[in-house]
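Q: All residue numbers for the sequence shown refer to my numbering, where the first residue is 15 and numbers rise by one.
These aren't lab readings, by the way, just hints derived from the structure by calculation. Be aware that one or more of the hints could be misleading.
The calculated lysine-lysine pairs, modelled on BS3-like cross-linking and capped at a C-alpha distance of 27 Å, are [claimed, not checked]: (1) 113 - 153; (2) 269 - 142; (3) 246 - 277; (4) 16 - 63; (5) 233 - 161; (6) 37 - 20; (7) 153 - 37; (8) 285 - 233.
Owing to the predicted nature of the structure, the values given are computational and were not obtained by experimental measurement.
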Amino acid sequence: MKKNDKILLNIEDLGVSGEGVGKKDGFPIFIDYALPGEVIETKILNLKKNYGFGKIINIKKESVKRVTPKCPYYFRCGGCQIMHSSYDYQLQYKKHRVKDSLERIGGLRDVKVTETAAMEDPYFYRNKVQIPLGRENGKAIGGFYRKRSNDIIDMDECIIQNSKSNIVLNIVKKWIDDNNISTYQVDNKVEPRNLLRHLVVREGFNTGDLMVILVATSKNIPYLEELIASLKEIDGFKSFLINVNKEKTNVVLGKKNILVFGKDFIEDTIKDILFKISPNSFFQVNPVQTEIM
15 MKKNDKILLN IEDLGVSGEG VGKKDGFPIF IDYALPGEVI ETKILNLKKN YGFGKIINIK
75 KESVKRVTPK CPYYFRCGGC QIMHSSYDYQ LQYKKHRVKD SLERIGGLRD VKVTETAAME
135 DPYFYRNKVQ IPLGRENGKA IGGFYRKRSN DIIDMDECII QNSKSNIVLN IVKKWIDDNN
195 ISTYQVDNKV EPRNLLRHLV VREGFNTGDL MVILVATSKN IPYLEELIAS LKEIDGFKSF
255 LINVNKEKTN VVLGKKNILV FGKDFIEDTI KDILFKISPN SFFQVNPVQT EIM
């Protein structure tokens, strides 16, 4: 077996990142978007000493668990891994991953893992998002990275983020274009002297409070008045900050936050407990399931 060979594989399992795993003469091949039970015609992309990578050419036998993802960006964006499978199967997969990790890595035996708690609606629930900003062919873009790369996949909406963050993203992209604001990434190349790096949005799920953070290489961002005026049209907008990050790093937030509008925190509740949430503070991103836990 060598690179570019085409082979048939029976998919036996999913890997830790949701890749289908099939074996050729005992040699494991990882294939994005393949599901257990499927027979896949595969093109070999890369071979390592103990494993390889392939891609789907044709699905000869399709799993009953396969679905069409609701997200139009799914097969280009690296943000989600198993949206091509049914929600019931996603819950089973999460349970399996916990059990496998405890037994195979932790060395425990006969581990009993409870069923994964399902959401009534597994969309538009996340209360925090960090979105890389850039330009492509002169136009502002914002979205998550392509799988295994730093290429930004432009999006207008992410269906697992809260709806307000999607509104903010489109306002920010329009503001960048209207005012010719420079971005740290241009045509998928880093330009370290440029300004905007990330957009961070946090929302209080139960309060409706909204915090917007621009991560930039400098505190001196022009035309902020126009941006804040547009953001004020969003119900619950309470806080706007600049986070300064000049480092050549993949870490999103720098150490310095500068308050520009409102308060430097928002509030949310879990049951009857009130929390203050700052730009850098940890808070569970799935508020619905947090209350269940």
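Q: Against each hint, give a clear statement of whether it holds in the structure.
A: Going down the list of hints, with the structure as the test:
Simply put, residue 113 and residue 153 have alpha-carbon atoms about 46 Å apart, too far for the 27 Å limit, and the pair is violated. The hinted pair formed by residue 269 and residue 142 meets the criterion: a straight-line CA distance of about 18 Å does not exceed 27 Å. Using a Cα cut-off of 27 Å, the hinted pair residue 246 and residue 277 holds, with the two alpha carbons roughly 14 Å apart. Only pairs whose Cα atoms come within 27 Å are accepted, and residue 16 paired with residue 63 is accepted, the gap being roughly 12 Å.
For the hint linking residue 233 to residue 161, the alpha-carbon distance of about 31 Å lies beyond 27 Å, and the restraint is violated. With a C-alpha separation of about 13 Å, the suggested pair residue 37 and residue 20 falls inside the 27 Å cut-off, and the hint holds. Of the pairs offered as hints, the one joining residue 153 and residue 37 is violated, with about 44 Å between alpha carbons and a cut-off of 27 Å exceeded. At most 27 Å may separate the alpha-carbon atoms for a hinted pair to count; residue 285 and residue 233 exceed this at roughly 37 Å.
Hint compliance for this structure: hints 1, 5, 7, 8 are broken, all remaining hints hold.
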